[in-house]
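Work out the full structure, taking the sequences as your base and the hints as a guide.
If you read the sequences in order, they're chains V and S. Quick note: the first sequence uses the numbering used here, first residue 1, plus one each step. Quick note: the second sequence uses the numbering used here, first residue 1001, plus one each step.
Keep in mind that the hints were calculated from the coordinates and are not lab data. Worth double-checking, as some hints may not be accurate.
Distance windows between CB atoms, simulated [claimed, not checked]:
1) V:T110 <-> S:H1175: 32 to 38 Å
2) S:P1284 <-> V:K49: 39 to 45 Å
3) V:R57 <-> S:G1439: 54 to 60 Å
4) S:T1078 <-> V:N87: 45 to 51 Å
5) S:G1370 <-> V:K49: 41 to 47 Å
6) V:P23 <-> S:E1374: 32 to 38 Å
7) S:G1081 <-> V:R107: 39 to 45 Å
8) S:R1171 <-> V:N87: 32 to 38 Å
9) V:V73 <-> S:P1381: 54 to 60 Å
10) S:R1171 <-> V:E228: 53 to 59 Å
11) S:G1081 <-> V:L46: 38 to 44 Å
12) V:N87 <-> S:A1178: 26 to 32 Å
Listing some non-contacts, in silico: residues in chain V with all C-beta distances to chain S over 12 Å [stated by the list, open to error]:
13) A70
14) L72
15) M90
16) G109
Don't be surprised by glycine CBs; every beta carbon is placed ideally from N, CA and C.
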Amino acid sequence: MSARDSILASIRRSLGVTGAEAPRRREVADRIAGHPRGVIPARGQLPVKERLDLFVRMVEGAAGSVARLADLVDVPMEVSAFLRRHNLPMTAQRGADPLLAALPWERAGTLEVSPMGARAQQGHDGLTAVSHAFGAVAETGTLAMASGADNPTSLNFLPDNHIVVVEASDVAGDYETVWQRLREKFGDGVMPRAVNLITGPSRSADIEQTLLLGAHGPRRLHVILVGEAGEP
Amino acid sequence: MTHAATSPRFKENAKAALADPDLQNALKFVEVNFIARRREVADKLPEFDALRDAARDIKDHTLAHLDLYLEAYERKVTAAGGHVHYAVTAHDANRIILGICKALGARTATKGKSMVAEEIGLNDYLEANGVVPIETDLGEYIIQLRHEMPSHIIAPAVHLTKQQVETEFRRVHTHLPAERNLVEPTSLLGEARAVLREKFLAADVGITGANFLVAETGSSIIVTNEGNGDLTQTLPKAHIVIASIEKLVPTLEDASQLLRVLARSATGQEMSVYTTLSTGPRRPDDPDGPSEYHVVILDNGRSSMLGGDFADMLRCIRCGACMNHCPVYHAVGGHAYGWVYPGPMGAVLTPSLIGVDQAGHLPNASTFCGRCEEVCPVRIPLPRMMRSWREREFERHLSPATVRAGLGLWAFFARRPRLYGLATALAARLLALFGRRNGRFRWLPLASGWTRHRDFPAPQGATFQAQWKARDARRR
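Here it is as structure tokens:
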């Protein structure tokens, strides 16, 4: 008997089932297809304006920083202001994301934002990345990043500084709304290779439980939230 | 090649732990930080207890249908281009993982933190077979340098002070200037970050555990704060997930319920920094990610726990809240338990995995204060199960002769209530007489185990039963 069969047989022996029972099979199939929601905290179930305010508060509570802009065209200036604030080189990397690619980067003077090359894989210190979030969750100030050429996963982890552009209309109250949007985009039960939920910059408390930022991932996480409350 | 358990020597381990000043200093932080932080975030979420009920129910439902969820999960992983391997024993899992490494010609493997990898002794096995494992979680990295087991399931180096970490870094990182300043924890973290960044970029294989496996999508989920697990699974040619069968959950919605209680119970965070869902290998137009994605599903005795006295233990999501709130853990730390899983969850799980003959002391290392059950996010009745282990230990004549004799003596009197009343009244009177002067005893015959560490209070009056009877009479 293969290891697989012997484990399944042992599980079935302990549970006193054969695995062929129709009601059990139906229950499992229904749960997977219906993916019922459980307890959803009231905290994030808010009208748009309050939801965005909560999102900002929670990101800041997790040691991230937030800038709110009315219009996407102002993103390059905010990126350049962030780099200047922290005395960083005026360069950043991004993926092929169409929204990021269409931004008027030339307006930000000396700022140079280039599509990710082999350089990102080198992961040397001082690197800054700009990503576009698939979604966000106000409940805990969490960003949801989907992998792919548009926003490569390694840009979420290798840089010292991570700047993430979030559209106000993509900020949900809860994780469940993000799962639903993923299903709508990729299909039921299908996922991009990686979905990274990110809540604040990297940290460790492994030495005497002293909380320190910048363990292996970015030391700084800066969220640029674009769009006003009330817009779609 | 699992770790040799020192659990049979729990008493000696505990004695040594109590006399270790570094350990006692380090353990102070556990009691203060973890408990206060958990309380704070739990109080901030009115739905927290409802979520704990939901988490318990999700786990129970999944375990009752585990065969079918495993099959569904496997179909999804395969459809996404990944491979599922099954391991009945720890050795099988080690062999499979080594096989994958060898097929890729791997020389080094970075590792995210995984308790299952500790359980199977993966590092020693890989090392002995020519693949160098590199732990990348800061705490795991530190204890790997020291050749130790984790002393806590989410804070593996919680037993060490920063001075001890500094000593270790100076011993191992000899390529760095000897006069560098490592006084502040930030400089220790910075040094580990720089050293490990090179390892991440050079590794051939990345090995992680999984907090959850999602049947709906075939995803493995890991939860970290450092980002080490993500670099581990993103940069190398292959990502290997090692996870035990009870990590299954049906859907993304179910995973969300569990995530809402996990970080709050573990570190007292609203949400851990990185929660990553990985599904299969790199896609055709992906610029990064592993080309191969393997999941090794480990049983190692768990399937036979289903439906038995200890089945509830399979709900455990390894948050560590039980040990954070345990007075015994606070006193002796994790290493005294002598194997991979310490604290109350270890006291229940370890006898299931390595045998009550090896780990019989652990369920006895409890005051039955019940705090572990009070804080458990999936409501595992840990004290009840520790009691079950004690009963089994007694039935199988594994308890020491003195304990058995004592229990026999007590049972003799307990079955004869009048004799019991007489004997206890006599004992109480005698103790009151001899202890009149000090009100306490610094030493008592047959009770030196008690009096060695604290005084025994002298009885102040009649026995409880006599007082109760008198009270009753007054009421009438």
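Status of the hints after comparison with the structure:
| no. | hint | verdict |
| --- | --- | --- |
| 1 | V:T110 <-> S:H1175: 32 to 38 Å | holds, 37 Å |
| 2 | S:P1284 <-> V:K49: 39 to 45 Å | holds, 41 Å |
| 3 | V:R57 <-> S:G1439: 54 to 60 Å | holds, 56 Å |
| 4 | S:T1078 <-> V:N87: 45 to 51 Å | holds, 50 Å |
| 5 | S:G1370 <-> V:K49: 41 to 47 Å | holds, 45 Å |
| 6 | V:P23 <-> S:E1374: 32 to 38 Å | holds, 36 Å |
| 7 | S:G1081 <-> V:R107: 39 to 45 Å | holds, 42 Å |
| 8 | S:R1171 <-> V:N87: 32 to 38 Å | holds, 35 Å |
| 9 | V:V73 <-> S:P1381: 54 to 60 Å | holds, 59 Å |
| 10 | S:R1171 <-> V:E228: 53 to 59 Å | holds, 56 Å |
| 11 | S:G1081 <-> V:L46: 38 to 44 Å | holds, 40 Å |
| 12 | V:N87 <-> S:A1178: 26 to 32 Å | holds, 30 Å |
| 13 | A70 | holds, 28 Å |
| 14 | L72 | holds, 24 Å |
| 15 | M90 | holds, 23 Å |
| 16 | G109 | holds, 28 Å |
Every hint from the earlier list agrees with this structure, and none is contradicted.
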